[in-house]
Amino acid sequence: MKVPPALRQWTGALALGLALALPSGDALARKKDKDKEAVAETPYPSTYKPYPGRPTALVGATVYDGRGGRIDNGTLLFENGKLVAVGGSDLAVPDGYTRIDAAGKFVTPGVIDAHSHLGDYPSPSVDALADGNEATSPTTPEVWAEHSVWPQDPGFTRALTNGGVTSLMVLPGSANLMGGRSVTLKNVPSLTVQGMKFPGAPYSLKMACGENPKRVYGSKGQKPSTRMGNFAVDRQTWLDAKKYAKDEERDRDLANETLVGVLDGDILVQNHCYRADEMALVIDMAKEMGYKVAAFHHAVEAYKIGDLLKQNDICAAVWADWYGFKMEAYDAIPENAALLQKQGVCVIIHSDSANGIQRLNQEAAKAQADGRRIGIDIPDAEVVSWFTYNPAKAMGVADRTGSLETGKMADVVLWNGNPLSVYTRPEKVWIDGALMYDALDPKRRPVSDFELGQPGEGDVK
Amino acid sequence: MKRLSTVAAALAGVAALGLPSLASAQDFAITNATLAIGDGSAPIEGGTVVVRGGKVIAAGAGVTVPAGVEAIDGSGKWVTPGIFATYTDLGLFDVQEVSESDDRGSDQAPFNAALDVAPAINPANEHIAVSREGGVTRASVTPFNGNSIFAGQGALIDLGADPEAVTKARAFQVVALGEGGAKLAGGSRVAAHVALRNALREARDVAAMAQGADRQSDAMLTRADAAALGPVIAGTQPLYVEVERAADIRSVLSLKREFPKLDLVLVGASEGWLVANEIAAAGVPVIATALNDLPAQFDRIAATQSNVGRMKLAGVKVAIGMLANDNQPRYAPQEAGNLVALNKIPGASGLSWGEALAAITSIPAEISGMDGRNGHMRAGVLAPGAVGDVVVWDGDPLELSSAPLEVWIDGVKQPLDNHQSRLKERYKDLDRTSLPKAYDW
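Chains A and B are the protein sequences, given in the same order.
Each residue of the first sequence is one higher than the one before, starting from 1 at the first, in my numbering.
Each residue of the second sequence is one higher than the one before, starting from 1 at the first, in my numbering.
Some clues are possibly wrong.
What the hints assert, rightly or not - Here are the computed distance ranges between Cβ atoms for each label pair:
#: 1; chain 1: A; residue 1: 219; chain 2: B; residue 2: 205; range: 51 to 59 Å
#: 2; chain 1: A; residue 1: 47; chain 2: B; residue 2: 190; range: 42 to 50 Å
#: 3; chain 1: A; residue 1: 128; chain 2: B; residue 2: 190; range: 19 to 27 Å
#: 4; chain 1: A; residue 1: 136; chain 2: B; residue 2: 277; range: 48 to 56 Å
#: 5; chain 1: A; residue 1: 128; chain 2: B; residue 2: 325; range: 22 to 30 Å
#: 6; chain 1: A; residue 1: 219; chain 2: B; residue 2: 277; range: 33 to 41 Å
#: 7; chain 1: A; residue 1: 452; chain 2: B; residue 2: 190; range: 43 to 51 Å
#: 8; chain 1: B; residue 1: 429; chain 2: A; residue 2: 281; range: 19 to 27 Å
#: 9; chain 1: A; residue 1: 45; chain 2: B; residue 2: 147; range: 49 to 57 Å
#: 10; chain 1: A; residue 1: 292; chain 2: B; residue 2: 190; range: 54 to 62 Å
Stated by the list, open to error - Using 25 Å as the maximum straight-line C-alpha spacing, the simulated SDA-like pairs for lysine to any residue come out as follows:
#: 11; chain 1: A; residue 1: 105; chain 2: B; residue 2: 428
#: 12; chain 1: B; residue 1: 183; chain 2: B; residue 2: 315
#: 13; chain 1: B; residue 1: 55; chain 2: B; residue 2: 412
#: 14; chain 1: B; residue 1: 55; chain 2: B; residue 2: 384
#: 15; chain 1: A; residue 1: 326; chain 2: B; residue 2: 125
#: 16; chain 1: A; residue 1: 220; chain 2: B; residue 2: 278
#: 17; chain 1: B; residue 1: 317; chain 2: B; residue 2: 40
#: 18; chain 1: B; residue 1: 428; chain 2: A; residue 2: 220
#: 19; chain 1: B; residue 1: 437; chain 2: A; residue 2: 281
#: 20; chain 1: B; residue 1: 317; chain 2: B; residue 2: 280
#: 21; chain 1: A; residue 1: 326; chain 2: B; residue 2: 144
#: 22; chain 1: B; residue 1: 344; chain 2: A; residue 2: 72
#: 23; chain 1: B; residue 1: 183; chain 2: B; residue 2: 317
#: 24; chain 1: B; residue 1: 437; chain 2: A; residue 2: 372
#: 25; chain 1: A; residue 1: 310; chain 2: B; residue 2: 428
#: 26; chain 1: B; residue 1: 344; chain 2: A; residue 2: 440
#: 27; chain 1: B; residue 1: 428; chain 2: A; residue 2: 344
What the hints contain is simulated information worked out from the structure, not anything from laboratory work.
Virtual Cβ for every residue (Gly too), placed ideally from N, Cα, C.
Using the sequences plus the hints, can you model the full thing?
In structure tokens:
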């Protein structure tokens, strides 16, 4: 933003004045810096590096750019892991580019799931590998999902090959009101979770309202056992975190570091919350405490309060048509996503499932069709944003991935038909410009250590 | 629902209260549609189906509509038999996590094989209504295992909006082997096989006993459970065996050496493709999950979406089913469509479009015994003599964009509204200025 000189002077003077006028200002600023450090500090840093790719041109496909744009007979160029150009048939293919004839096929950004437990609840789903819920205390903001991720989970490869998933956010589960920090991953095979970590992605705090926390702890005879208990524990925990933030003599406290990160706006909030009335209460709690909810997940009743979500700039991450599995899902309707889109809400189709993550495109297509039947006609190109750009936005990585725009990561799916058709599969998937899956090449199909030497190794899945 | 005249509104109110409707079978024909018979054949352009007295009397190209039968123009539409959803939990629960509403499993009950889901099925259940809106007209309903490898006896139902849901009670017995059965039997597959054989032997003994005679003192099954397994031993009631691993499947197939009359159906069979030839040779049909491709347990390490296609290639009769829990019956067409998509992937085995539709219509009906033989009803197919279960779709029924426009069951046109559709109407707009939404109905 360009700031007029006069205004710049004024703001500069104000900042200086504040620093001088308030004796504690310096200390406050230092403490604030310390908080930032704690949040930004990356004791388990990303070691992810894009795999080698070659300059590639996809020519002739229908391109959905992830932000509502559609180019027929489009050309997509990428090189050195980045998108170089996205254009029409008039876009020239430079020398040295591998040209892929994509006529009759479709290109989208890599698919992104904003709600996954892959790695934390991996396959095989045995107790020894169930690491997704630290269900020992109603609030555990101190735990980090990345410390549970098993990179060998075969689910990652299925999400890649059947779902075209290039990035995903792994969240701790919903047993707790505050479940811990999420981790955002690039969907590449890796020995370590650090090798999958999306460079520079912000952390999110997973929160849950409603039935789960009250059931898990109520059944242990402890707080919370009711929805009012949920809020009481949440609010007190936030108040304690605010007190911690002001304490200059404090020792490091992992739980409060996460919460202060949220209050400072460095950590996003992903809030599992089904019911309209509860989402409204959570919005008020966020205002009371001074933080912002990035997205409500499993927001099955979001359609009842689309206006409120729009007004507060909160995304709704939903399933297409899950129904009736728990009391707070009894009012789920398949028109949810379409009604939200009509209200102007940022809509995300999420999975929360090792199976569902393989078909986010199909789920979006169903939700689109259910909208069309009640007169809400959402173009295919906009529906594609439900599983590309919008989840990237809620995860805080939309400046780097989620759409096909020059300079962004070359996370690309080439589909062998319209991605909103049941008859379509990913044909090729690139992550940062590296070809990580090719349906036509059995050797471009990752096999996790777990599957090696076992029945079905390297099979189509 | 639209505002109706006073009389119509009063009638709608009656329907909403769940009172028996006065609807009866109508004679009708749908002409000029893209007609899919459900028997595995490809769809027919410009096809006609005629339903009279609740039964299909003709279906195909060049079928003439008899005089006096209402003809409905099906131009631009697709017509199929109703979906036959096999191995569902329809009508047995309202909300899965509300245990009071859930009649699927009975883990505190003293009875197991004797359990019979039929009297518990609620025809007014929302999941039945939601599934009906999705084109599901019939289903098999299975109990879930409680504290025994025997889950009890499942039923065949239709999804008509009337008080009579059950068309056949005690249609099959369910036993879990594999990992699930091992846990229930005391901790191992070894225990599960002893439990199974002991139960079948006790059933054989009870069946052979004179009326009122005393059983041996070391009998482990309740008399009710042993008696319930009599038809299983006699082969008059199919035994559905939940099993996933190739080795477990072989063990199940070998049961017939000891109990030759068993009428086996494999349920699950994620590794069925590894032993497809053996399953085919045994003539045992399979109910499988189409999209199961994760090594979710150690008994399905080789799971792949090509499982159904490969078993079909080997000559196994395979239905897409296990449409319970989160895998709802109305997802059956999507699952079938996904198997068609596999045909474009080198190394994968899919189904043709016709085979895919058959896997959710005629084949599950046949496996359930609704194949028209021996005087039984015939379902899942638009063939003369079959039940008049017809669905008109706004497009290719396996495609994600399509949905049913009209559904008939036994020739009776069905209402397609439910709790969800009413919510949709109420919240189409968010205007709350004049009165709360509670007055908008």
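Outcome of the hint check:
1. A:219 x B:205: 51 to 59 Å: violated (44 Å)
2. A:47 x B:190: 42 to 50 Å: holds (46 Å)
3. A:128 x B:190: 19 to 27 Å: Holds - the Cβ-Cβ distance for residue 128 of chain A and residue 190 of chain B, about 22 Å, lies within 19 to 27 Å.
4. A:136 x B:277: 48 to 56 Å: holds (50 Å)
5. A:128 x B:325: 22 to 30 Å: holds (23 Å)
6. A:219 x B:277: 33 to 41 Å: 49 Å Cβ-Cβ, so the 33 to 41 Å window is violated.
7. A:452 x B:190: 43 to 51 Å: Violated, since residue 452 of chain A and residue 190 of chain B (Cβ atoms, about 29 Å apart) do not stay within the stated range.
8. B:429 x A:281: 19 to 27 Å: At roughly 24 Å between Cβ atoms, residue 281 of chain A and residue 429 of chain B fall inside 19 to 27 Å, so the hint holds.
9. A:45 x B:147: 49 to 57 Å: Since residue 45 of chain A and residue 147 of chain B have Cβ atoms about 50 Å apart, the given range 49 to 57 Å holds.
10. A:292 x B:190: 54 to 62 Å: holds (57 Å)
11. A:105 x B:428: violated (35 Å)
12. B:183 x B:315: Given that 25 Å is the threshold and the Cα spacing comes to 32 Å, the pair is violated.
13. B:55 x B:412: holds (10 Å)
14. B:55 x B:384: Roughly 7 Å separates the two Cα atoms, so the pair holds.
15. A:326 x B:125: holds (15 Å)
16. A:220 x B:278: violated (49 Å)
17. B:317 x B:40: Holds, at about 12 Å.
18. B:428 x A:220: violated (41 Å)
19. B:437 x A:281: Given that 25 Å is the threshold and the Cα spacing comes to 19 Å, the pair holds.
20. B:317 x B:280: holds (8 Å)
21. A:326 x B:144: Holds - the C-alpha atoms of residue 144 of chain B and residue 326 of chain A are around 18 Å apart, at most 25 Å.
22. B:344 x A:72: With a Cα-Cα distance of about 23 Å, the restraint between residue 344 of chain B and residue 72 of chain A holds, given a limit of 25 Å.
23. B:183 x B:317: Given pair residue 183 of chain B, residue 317 of chain B is violated - Cα atoms ~29 Å apart, limit 25 Å.
24. B:437 x A:372: Distance of about 23 Å is within 25 Å: holds.
25. A:310 x B:428: Since the Cα atoms of residue 310 of chain A and residue 428 of chain B sit roughly 16 Å apart, the hinted pair holds (cutoff 25 Å).
26. B:344 x A:440: Given pair residue 344 of chain B, residue 440 of chain A holds - Cα atoms ~10 Å apart, limit 25 Å.
27. B:428 x A:344: holds (14 Å)
Consistency note: the structure conflicts with the earlier hints numbered 1, 6, 7, 11, 12, 16, 18, 23.
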